[in-house]
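**Q** Take the given structure of chain A and dock chain B to it, following the hints.
Heads up: the protein sequence lines correspond to chains A and B, in order.
Using the numbering used here, read the first sequence as starting at 1 and increasing by one per residue.
Using the numbering used here, read the second sequence as starting at 1 and increasing by one per residue.
Wrong hints could be hidden among the right ones.
Think about it this way: if two alpha-carbon atoms lie no more than 30 Å apart in a straight line, the pair counts; the simulated BS3-like pairs of lysine-lysine are [what the hints assert, rightly or not]: (1) Lys39(A) x Lys94(B); (2) Lys46(A) x Lys239(B); (3) Lys19(B) x Lys161(B); (4) Lys55(A) x Lys239(B); (5) Lys94(B) x Lys44(A); (6) Lys199(B) x Lys46(A).
For the record, the hints were derived by calculation from the structure and aren't laboratory data.
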Amino acid sequence: MTLQEFFAMGNHGFYVWWSYGLTLLVIVLLFIGFAWYKKQLLNKIKSFKREIGQKARSVKTEKISD
Amino acid sequence: MANSSMSSWRWFHQLGSPKWFYQKSAKWLPWLWAITTMLLAFGLYYSLYASPVDYQQGNSVRIMYIHVPAAALSMVGYLSMAVCAVIGLVWKMKMSFMAMRAIAPIGALFTLITLFTGSLWGLPTWGTWWEWDARMTSELVLLFLYLGFIALHSSFSDRNKADRSAAILAIVGAINVPIIYGSVKWWNTLHQAYSVTKKGAIAPEMQTPLFIMIGAFYLLFAIMVIVRLRLEIINREAKSKWLQAEITL
Chain A
1 MTLQEFFAMG
11 NHGFYVWWSY
21 GLTLLVIVLL
31 FIGFAWYKKQ
41 LLNKIKSFKR
51 EIGQKARSVK
61 TEKISD
Chain B
1 MANSSMSSWR
11 WFHQLGSPKW
21 FYQKSAKWLP
31 WLWAITTMLL
41 AFGLYYSLYA
51 SPVDYQQGNS
61 VRIMYIHVPA
71 AALSMVGYLS
81 MAVCAVIGLV
91 WKMKMSFMAM
101 RAIAPIGALF
111 TLITLFTGSL
121 WGLPTWGTWW
131 EWDARMTSEL
141 VLLFLYLGFI
151 ALHSSFSDRN
161 KADRSAAILA
171 IVGAINVPII
181 YGSVKWWNTL
191 HQAYSVTKKG
201 AIAPEMQTPL
211 FIMIGAFYLL
221 FAIMVIVRLR
231 LEIINREAKS
241 KWLQAEITL
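Next up, chain A with everything else stripped away, as it sits in the complex:
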């Protein structure tokens, strides 16, 4: 079998390769989606950690000003 014959798949190349290609694509997109969601979650944690830090600092300065 030549490489051309392999890609042609008789006359079914279109259907076979689109099936496998789209499956690969949606799986890759899922993992990209996961990575994007993880970034969002970590940003959320970062921002509320910063808030807690600011609150703690402002409590400290209030005490000093008293």
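**A** Quick look at chain B alone, frame taken from chain A:
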């Protein structure tokens, strides 16, 4: 006696702990990836190249090696989501609800793969990409059940309410799974009858690669659910000390 019965249930309590799961699953994932990659390499070599061409369908039969595993996982995924829903409602186990939420998008993905590979297989084989028959319609309903579950879950600001309402939808919707499975037997459909494990119904040179691909898809499903579940744990345990120590910001 008491000791042994306690230890036999230990796994259940461990699985119920987000911290335990988060730490352990990080060690499982590389192994799961390694085995899955190996199975996929074998499976794809056979399904795209080394397996025989069907005497009637020609090369389009190669679509079977992803269509059938994806269809199996679309149904198994929904059932496992419903089981998680029951465990969550009955034992009030929060990890179970997290797993339920994690499975939904992955089940939807496998349902989508089932539908478009089915269409791409139907075109050269049946001459049509869609028919409103029992098998195809019930599989489309499955996709809407997954999407409805996700939409319902995200429509509540109160997480407990979201979990419980979505769990009820997951359980009620499970009735669709036996309908999909039985549809080719109960109604006259364009879709062929079940033949995957039936003796003599499918040539062994096709059955072996099909089983390899089914195994690979099961593992891929497990990996996806674990990765998504870890994100769900980050989402829900964001304020706990152990998690903040675990993740590097």
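**Q** Take the hints in turn and mark each one as holding or not.
**A** Comparing the hints with the structure gives:
no. : hint                 : verdict
1   : Lys39(A) x Lys94(B)  : holds (24 Å)
2   : Lys46(A) x Lys239(B) : holds (11 Å)
3   : Lys19(B) x Lys161(B) : holds (23 Å)
4   : Lys55(A) x Lys239(B) : holds (16 Å)
5   : Lys94(B) x Lys44(A)  : holds (22 Å)
6   : Lys199(B) x Lys46(A) : violated (57 Å)
Violated hints amount to a single one, hint 6; each of the other numbered hints is respected by the structure.
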